[in-house]
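Listed in order, the protein sequences are those of chains A and B. Going left to right, the first sequence walks through residues 1 to 228 as my numbering numbers them. Going left to right, the second sequence walks through residues 1 to 742 as my numbering numbers them.
Any given hint could be a false lead.
[Stated by the list, open to error] Beta-carbon label-pair distances, calculated as ranges:
| no. | chain 1 | residue 1 | chain 2 | residue 2 | range |
| --- | --- | --- | --- | --- | --- |
| 1 | B | 418 | A | 210 | 21 to 27 Å |
| 2 | B | 542 | A | 96 | 25 to 31 Å |
| 3 | A | 133 | B | 242 | 45 to 51 Å |
| 4 | A | 41 | B | 738 | 51 to 57 Å |
| 5 | A | 192 | B | 418 | 46 to 52 Å |
| 6 | B | 298 | A | 175 | 51 to 57 Å |
| 7 | A | 131 | B | 399 | 47 to 53 Å |
| 8 | B | 648 | A | 173 | 18 to 24 Å |
| 9 | B | 623 | A | 175 | 36 to 42 Å |
Since the hints were derived computationally from the structure, they do not count as laboratory data. Predicted model only: the values in this text are computed from it and were never measured. Glycine is no exception: its CB is placed at the ideal position from the N, C-alpha and C atoms.
Residues per chain, in single letters:
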Amino acid sequence: MRAAIVVFPGSNRDGDVERALVRAGATVERVWHAEPELPAGVDLAVLPGGFSYGDYLRCGAIAGRAPAMEAVRRHAARGGLVLGICNGFQILCESGLLPGVLMRNANLRFLCHRQFLRVERTDTPFTAAYRRGQAIDVCIAHGEGNYFADPDTLARLEGEGRIAFRYCDATGALAADANVNGSLNAIAGVLSENARVLGMMPHPENLVDDLVGGTDGLGLFESLARAA
Amino acid sequence: MTDAQTPPITPALVAEHGLAPDEYARFVALIGREPTLTELGIVSAMWNEHCSYKSSRKHLRGLPTSAPWVIQGPGENAGVIDIGDGLACVFKMESHNHPSFIEPYQGAATGVGGILRDVFTMGARPIAALNALRFGSPDHPKTRHLVSGVVAGIGGYGNSFGVPTVAGSVGFHTAYDGNILVNAMAVGLARTDGIFTAKATGVGNPIVYLGSKTGRDGIHGATMASASFDDSAEEKRPTVQVGDPFAEKLLLEACLELMATGAVVAIQDMGAAGLTSSAVEMGAKGDLGIELDLDAVPCREEGMTAYEMMLSESQERMLMVLEPGKREMAEAIFRKWGLDFAVIGKTTDTLRFVVKHQGRIEADLPIKELGDEAPVYDRPWTPSPERPVIDPAEVSAPIPDDEALLALVGSPDLCSKRWVWEQYDHLIGSSTVQPPGGDAAIVRVLEGPKGLALTTDVTPRYCEADPVEGGKQAVAEAYRNICAVGGLPLAITDNLNFGNPQRPHYMGQLVGCIRGLGEACAALDFPVVSGNVSLYNETNERGILPTPTIGGVGVLEDCAVHATIPFRREGDAVVLLGRTQGWLGASLWLALLCGREEGAPPPVDLAAERRAGELVRTLIAESVLDTVHDLSDGGLAVALAECCIGRGIGARIDVLPEGAAGPLPSHAALFGEDQGRYLLAVPADRLDTLLARARAAGVAATRLGETGGDALILPGSRAISVVSLKDAHESWLPAYMAGEPA
Numbered sequence: 001m002r003a004a005i006v007v008f009p010g011s012n013r014d015g016d017v018e019r020a021l022v023r024a025g026a027t028v029e030r031v032w033h034a035e036p037e038l039p040a041g042v043d044l045a046v047l048p049g050g051f052s053y054g055d056y057l058r059c060g061a062i063a064g065r066a067p068a069m070e071a072v073r074r075h076a077a078r079g080g081l082v083l084g085i086c087n088g089f090q091i092l093c094e095s096g097l098l099p100g101v102l103m104r105n106a107n108l109r110f111l112c113h114r115q116f117l118r119v120e121r122t123d124t125p126f127t128a129a130y131r132r133g134q135a136i137d138v139c140i141a142h143g144e145g146n147y148f149a150d151p152d153t154l155a156r157l158e159g160e161g162r163i164a165f166r167y168c169d170a171t172g173a174l175a176a177d178a179n180v181n182g183s184l185n186a187i188a189g190v191l192s193e194n195a196r197v198l199g200m201m202p203h204p205e206n207l208v209d210d211l212v213g214g215t216d217g218l219g220l221f222e223s224l225a226r227a228a
Numbered sequence: 001m002t003d004a005q006t007p008p009i010t011p012a013l014v015a016e017h018g019l020a021p022d023e024y025a026r027f028v029a030l031i032g033r034e035p036t037l038t039e040l041g042i043v044s045a046m047w048n049e050h051c052s053y054k055s056s057r058k059h060l061r062g063l064p065t066s067a068p069w070v071i072q073g074p075g076e077n078a079g080v081i082d083i084g085d086g087l088a089c090v091f092k093m094e095s096h097n098h099p100s101f102i103e104p105y106q107g108a109a110t111g112v113g114g115i116l117r118d119v120f121t122m123g124a125r126p127i128a129a130l131n132a133l134r135f136g137s138p139d140h141p142k143t144r145h146l147v148s149g150v151v152a153g154i155g156g157y158g159n160s161f162g163v164p165t166v167a168g169s170v171g172f173h174t175a176y177d178g179n180i181l182v183n184a185m186a187v188g189l190a191r192t193d194g195i196f197t198a199k200a201t202g203v204g205n206p207i208v209y210l211g212s213k214t215g216r217d218g219i220h221g222a223t224m225a226s227a228s229f230d231d232s233a234e235e236k237r238p239t240v241q242v243g244d245p246f247a248e249k250l251l252l253e254a255c256l257e258l259m260a261t262g263a264v265v266a267i268q269d270m271g272a273a274g275l276t277s278s279a280v281e282m283g284a285k286g287d288l289g290i291e292l293d294l295d296a297v298p299c300r301e302e303g304m305t306a307y308e309m310m311l312s313e314s315q316e317r318m319l320m321v322l323e324p325g326k327r328e329m330a331e332a333i334f335r336k337w338g339l340d341f342a343v344i345g346k347t348t349d350t351l352r353f354v355v356k357h358q359g360r361i362e363a364d365l366p367i368k369e370l371g372d373e374a375p376v377y378d379r380p381w382t383p384s385p386e387r388p389v390i391d392p393a394e395v396s397a398p399i400p401d402d403e404a405l406l407a408l409v410g411s412p413d414l415c416s417k418r419w420v421w422e423q424y425d426h427l428i429g430s431s432t433v434q435p436p437g438g439d440a441a442i443v444r445v446l447e448g449p450k451g452l453a454l455t456t457d458v459t460p461r462y463c464e465a466d467p468v469e470g471g472k473q474a475v476a477e478a479y480r481n482i483c484a485v486g487g488l489p490l491a492i493t494d495n496l497n498f499g500n501p502q503r504p505h506y507m508g509q510l511v512g513c514i515r516g517l518g519e520a521c522a523a524l525d526f527p528v529v530s531g532n533v534s535l536y537n538e539t540n541e542r543g544i545l546p547t548p549t550i551g552g553v554g555v556l557e558d559c560a561v562h563a564t565i566p567f568r569r570e571g572d573a574v575v576l577l578g579r580t581q582g583w584l585g586a587s588l589w590l591a592l593l594c595g596r597e598e599g600a601p602p603p604v605d606l607a608a609e610r611r612a613g614e615l616v617r618t619l620i621a622e623s624v625l626d627t628v629h630d631l632s633d634g635g636l637a638v639a640l641a642e643c644c645i646g647r648g649i650g651a652r653i654d655v656l657p658e659g660a661a662g663p664l665p666s667h668a669a670l671f672g673e674d675q676g677r678y679l680l681a682v683p684a685d686r687l688d689t690l691l692a693r694a695r696a697a698g699v700a701a702t703r704l705g706e707t708g709g710d711a712l713i714l715p716g717s718r719a720i721s722v723v724s725l726k727d728a729h730e731s732w733l734p735a736y737m738a739g740e741p742a
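Next up, chain A with everything else stripped away, as it sits in the complex (with noise of 0.2 Å):
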């Protein structure tokens, strides 16, 4: 798999993505976000966690209309795979890519911890290495993160199988005090309409070393992998 990782002013879990991606098999290469187009023949392109451009104004607004992100859109147009996480994640919905919006943390604070999410559906190319309902364990680390979308929007994705992940506790039940950022429906993560398009929170990209916490975020990577 050869994947192209978007950097942006502010980035800075490019690296971390880039680790978890290199131990899963693929190539990485890097893209400069005032660059126009992603290196031909690129299988995934990657928006990683990070602070782009500061985030001052809206978490992701300004990195949604950089000149990299219009290559971004095009390779979705072509059903190219697209990953965002967290601040990624936050582009592709100011970018238009995924519905929806991410608000500040129900309690207002930044949350970095473990964190559990369930696999909602394993037919995708972001899950196949996962079993259905599995918990895995894996990290937050956002101040909003809390998923918003209006009413219609949410019954679509809900009714469209769109919910990639959502907040969990350790059996997988999705009891109120896991859904720690408050979001709609505890939705964690959020596909688009071929499912080839997957925003996320949560980092998996954290959790792919069992020295460093845990394996469990390795499967997406691997899932990618095999996918393309």
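With chain A fixed as given, assemble chain B onto it according to the hints.
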């Protein structure tokens, strides 16, 4: 050089600049004339306590600062040690106390920004941040607001910049009601052949200004940080800078990219006293003059005067001396990152610091005397009165041990600080092997197997009780925490927070603590490689507890082989390492449960500390030990509780440690704070090995009991369920921050 536009230099104006009359007289004699206003501003910035260390320098000279692995000791932006494989660890801790009290979010944020900049100025990429925070009494009306703002500020800067904040400490005491402490530490990684310093070389080389534009913020910040507070501290708000972590992230990437090209001769960040301090230090260290033309300085606002530009503490700025002929390449790198780049001066051979603005010479001063020849004082000091040793047999327990333990683990000082560190991104970088909550954090170096063990420590109530022993203990505890995870302690950074040095009592605390630090550093081969002094932490003439915060760095050859706190298995033998006397003087138990902040603190036996540390470290490396916890505040009982809480495995304790003269009262055995001790848990089949190795090393080892069950059972006490311990431990801080009464 006088000018009709500038106000006359009156004694009142001199005093406003924080200069004593004799210091001003010394300055006038030095330059042979009355200074301009800009010159007065420059000298006030250079000769204040924060920049000149004028009260502490004499005493700091006695600290051990060298070892075969020390590449750069104190005096540069950060200390540097060799960690093998061609790699260097670059680190320093610095205070941002005064600004954080006035404006907690920005004060703390820019404290983090400043220390990160110190580290990457040396050519290192920051890989970890730590901090040590002290707040006033929880029932003081400002405390909640300050905790909330400081924690958000530290997170806000570090999270956006993209460095994991991996460890820290948080404490409360009424002595900090008017002067909180925010000590931030940064740790970076560089190649040993890629270290950069502030020492300028070569005459006629361009001096380049990089980073953000200069505004009117933070003017006189360093002077403010060198004064005491009164009730009008809030009025100093305009002296606090505003942080921009995004600009800092860009500055980091641009600086490292430029350094890799070989174009950088010298580099200095604009921290305290901004352009003044950075330019003077570059010249003074390199025995060169510096000439600046302020017309070229990128400004955020129009009409800024030379005085304002020279004293602004706008953040995220750097000064560099470039190799001749590398300007275009350097400029292209900075433009790519969207940062300002301007040649604002040159090095000269005059040893003068010359500042020009709009065709006028605003300052022309001898550079060495401004920098490394600033005044040094031998301030009068008095030793702290000696406190009596408290005999444990004469202290009766006000409540049963089980209730005392629940009270201690749920107390403001010992409760879980999860509410704090969950606001810090401690997982970015995918290298945090031991996250916050361990004795020391462990951060993997690159792709491993090497790792760094990192900790911040100090016990201010010991320093108050006996500055020398307290100073020793701060270093010993950092040493112990690094050994407890399996690290080899290599070096420290010290952040000395004290009251007004012009009061002999507080000066005596500073002198005593430095002496204690020095003795411990020498005995433990644990030199000081960087540091910061923060004095005048007092309000209305009342000083803080003496707080010499120690940031310790150690190395693990294979970070996969380390120890952690929680009991891992049922049926492990629980073993106490080190000698117990039941030392209740200056203990947390005595303060919290008896309301007595009294008595001499526990003495530190540095030779025993070293023996125990080396034993623990070796046994971890040999995989004999994987469960280790340092004993500190709250003694044995609190350490046991913390080992139980981690994974919900209890323990039955059959034997309590005895003193040299026989059995101790149970509360003294359980809550005494004797130093140099570790709590261990080993499978039964390794117990004999452990005991034999301890005997051979001359370290006392006592089997206390066995892990298992869902409760901690202490001799003669009711069983305490691990769930209740955990609830007590985890609940206080979130409840307090949600507004419940302290």
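Whether the CB-CB distance between residue 418 of chain B and residue 210 of chain A falls inside 21 to 27 Å: holds (24 Å)
Does 25 to 31 Å hold as the CB distance between residue 542 of chain B and residue 96 of chain A, or does it fail? violated (59 Å)
Quick check: does the Cβ-Cβ distance between residue 133 of chain A and residue 242 of chain B fall within 45 to 51 Å? Cβ of residue 133 of chain A to Cβ of residue 242 of chain B: about 48 Å, so the range 45 to 51 Å holds.
If you check the beta carbons of residue 41 of chain A and residue 738 of chain B, does the distance land in 51 to 57 Å? holds (53 Å)
Given a hint of 51 to 57 Å, does the C-beta separation of residue 298 of chain B and residue 175 of chain A actually sit inside it? holds (53 Å)
Does the hinted range 36 to 42 Å hold for residue 623 of chain B and residue 175 of chain A at CB? holds (38 Å)
Is the hinted range of 18 to 24 Å satisfied by the C-beta distance from residue 648 of chain B to residue 173 of chain A? Given range 18 to 24 Å: holds, Cβ gap about 19 Å.
Supplied distance hint 46 to 52 Å, evaluated on CB atoms of residue 192 of chain A and residue 418 of chain B: violated (36 Å)
Cβ-Cβ distance between residue 131 of chain A and residue 399 of chain B: within 47 to 53 Å? Holds, since residue 131 of chain A and residue 399 of chain B (Cβ atoms, about 51 Å apart) stay within the stated range.
Going down the numbered hints, you'll see the structure goes against 2, 5, while the others check out.
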